[in-house]
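Peer 1: Each chain, letter by letter, is given below.
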Amino acid sequence: MTDKALVHHLSAPRAKGRPRVSTVIVVTLGVAFAVVMLSPFLLVAMNSFKSNADYSANGPLALPKALDLSAFERFLTLIDFPTALWNSVLVSGLVTLGGLLISVLAAYAIGIGRIKARTWVVAVLLIATMVPQEALVYPLFYGAQATSTLNTVWSVIVIFIVIQGAYGTYLLAGVLGTFPKELIEAARVDGASAWRILWRVVVPVLRPTLSVLAVFFFIWTWNEFYLPVVLLGDSSSQTIPIALATLRGQHAIEQTTITAGSFLSLLPTVIFFLIFQRTLSNGVTAGAIK
Amino acid sequence: MTASAVTTRGGRAPAPPRERSERPRYWAYLAPMAAGFLIIVAIPLVMNVWFSLHNWQGGASEMTWVGLGNYVELMQDPTFWQSFRNTLYMIVAIVVVPTLVGLLLASVLFNLVAPRVGERTAAFLRGSYYLPQILPIAVAGFMWSWILDTDGGALNAVLTAIGVASPPDWLGSADVAIYGIMLMLIWLQLGYPVVIFMAALGRVDPSIYEAADVDGASWWSQFTRITLPELKPEIFIVTLTALVGALKVFAPILILTGGGPEGSTVVPSYYAYRNFFELSRVGYGAAISNVMALLILVIAIGMLVFQRRATDD
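Chains A and B, in that order, give the protein sequences.
The opening residue of the first sequence carries number 752 in this note's numbering; numbering runs sequentially from there.
The opening residue of the second sequence carries number 99 in this note's numbering; numbering runs sequentially from there.
To be clear, the hints were calculated from the coordinates, so they are not data collected in a lab.
Please note: incorrect hints may appear among the correct ones.
[Stated by the list, open to error] Pulled a few chain A residues facing chain B out of the computed Cβ check, cut under 8 Å: (1) Thr774; (2) Leu789; (3) Leu856; (4) Met881; (5) Tyr889; (6) Ile910; (7) Thr920; (8) Val940; (9) Gly942; (10) Ala945; (11) Ile970; (12) Trp973; (13) Phe976; (14) Ser987; (15) Leu995; (16) Ser1016.
[What the hints assert, rightly or not] Each pair of labels, with its calculated beta carbon distance range: (17) A:Thr834 - B:Asp311: 54 to 64 Å; (18) A:Pro931 - B:Ser305: 25 to 35 Å; (19) A:Leu793 - B:Thr219: 11 to 21 Å; (20) B:Glu376 - A:Leu812: 50 to 60 Å; (21) A:Leu793 - B:Ala221: 50 to 60 Å; (22) A:Gly1000 - B:Tyr169: 29 to 39 Å.
Only a predicted model underlies this, so the values are computations on that prediction, with no experimental measurement involved.
For each residue, glycine too, the CB sits at the ideal point set by N, CA and C.
I would like the entire structure built from these sequences, with the hints used as guidance.
Peer 2: Now the structure itself:
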């Protein structure tokens, strides 16, 4: 170690005579708190693999005596889980695509086209994203009935394309407001149409923002509850959250069945979180929040 | 100036022909969003106001005009007031506790754990606090129906193990149920302020903290003198966002208690739902949801005004 490095090391906060005990205490508390926060996940996972007899004999805190999949089997007889999973993927996937499409188009009109009254359009759309679904639910229920889309995923898909799209428009319009004008001008001089400029110039530049938005649209739609629970009464159309809520309302369910069901249902979300962890935490802090 | 300028309204110079011809085309790009907004948000909102001025059982039944009658009835309805009292509990669980604890945790992770132990440990701890945030609220509710189960549920097993003689009947007792729901909501919400506040601390000029270190300021005095004032904008945004969330709590109530026992956990959102779909009192449900929408609108406008002022500064 050179002298310079030594001096630097000595002057670092760590070596300034702070009691190291406090560091130990703080870290211990931080870790203990993390254990508390994670324990529901761990307990759910652990109890999913127990037999009913094992659970009632040893309680929820003991490790499973033997690996047992009967709880999963029981859960899968109560719920058509593959269908619910497919409905969740279908709804979230189509809403993500549709929401991105209409928000890119609308934001193009606002941010690049600089249409009249754009400030008002953005303000109205932002407020639209905050309207509680409670105030829309009955008319939408009525409308879904009238268009025979009640109890089908299509009512939910169309509704959330618009709701997510309103937020996306607000966000993208802000981003496009600072879009480099020279790029647009150069393309115009070359004779490109507005449509061509959108897809060849604007969208490629927006791609990073769009991918963050896509991750959020997907997970928000996956988690939606109020409108879907009203509109998706039929089990063939239900997403995972709605299927779980319906199940809980209908039966008294054994405890291990609940844990196995929770485990299966949280698995896709946790996998999604692990894949997109960076996007999610950066996006939350960048103001892409709801 | 040429004659063409005179014919332009307001005497403004005419727009270059290219831009003028492009205006209507740009409107076309807005059309899908505008149509969607009308059909999914604007018209339903107007219909909901219209419904709230009637007594109506829904479907083909007859609508009777009652003017503001439903709103007058609301003001005298003990369940309605109970639901808003319960919203205060939801505010404690979603706004007050997570924001305060989140401030402390973010500061501990950022100012103590990251510099003394390492960025990775801090990031791991932050991730574990954040994990519940990603769960669909219905899945969380389903999980917690087991955790809060009085006989053989996980929480009471833990309480018994540490020597609590008669652990509470979490979801079965009218005095306790709301606290059970609050526990779940605190667990669910906590990660959000931690992540926001930690990112905000990254924005603060590190030399401020270094100077305070040189002066021998303790962590606590750095927390109150530097961290809190610097984080004011984020605290405001987190508080308002969470406030809207607290007003909209629904899934945990539907899944865990159904508003019971004895109506002790009814919240506005659930009360509206019940009137719409269980009691067939559509007009009354519409009135409840309009009151909610109005409250949320006021909060949202407050947030917009604040953000505009913050960016103007």
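Peer 1: For each hint, tell me whether it holds in the structure or not.
Peer 2: Verification of the supplied hints:
no.: 1; hint: Thr774; result: holds, 5 Å
no.: 2; hint: Leu789; result: holds, 5 Å
no.: 3; hint: Leu856; result: holds, 5 Å
no.: 4; hint: Met881; result: holds, 4 Å
no.: 5; hint: Tyr889; result: holds, 5 Å
no.: 6; hint: Ile910; result: holds, 5 Å
no.: 7; hint: Thr920; result: holds, 6 Å
no.: 8; hint: Val940; result: violated, 11 Å
no.: 9; hint: Gly942; result: violated, 12 Å
no.: 10; hint: Ala945; result: holds, 6 Å
no.: 11; hint: Ile970; result: holds, 7 Å
no.: 12; hint: Trp973; result: holds, 6 Å
no.: 13; hint: Phe976; result: holds, 5 Å
no.: 14; hint: Ser987; result: violated, 18 Å
no.: 15; hint: Leu995; result: holds, 5 Å
no.: 16; hint: Ser1016; result: holds, 5 Å
no.: 17; hint: A:Thr834 - B:Asp311: 54 to 64 Å; result: holds, 58 Å
no.: 18; hint: A:Pro931 - B:Ser305: 25 to 35 Å; result: holds, 33 Å
no.: 19; hint: A:Leu793 - B:Thr219: 11 to 21 Å; result: holds, 19 Å
no.: 20; hint: B:Glu376 - A:Leu812: 50 to 60 Å; result: violated, 38 Å
no.: 21; hint: A:Leu793 - B:Ala221: 50 to 60 Å; result: violated, 20 Å
no.: 22; hint: A:Gly1000 - B:Tyr169: 29 to 39 Å; result: holds, 31 Å
Hints 8, 9, 14, 20, 21 from the earlier list are contradicted by this structure; the remaining hints agree with it.
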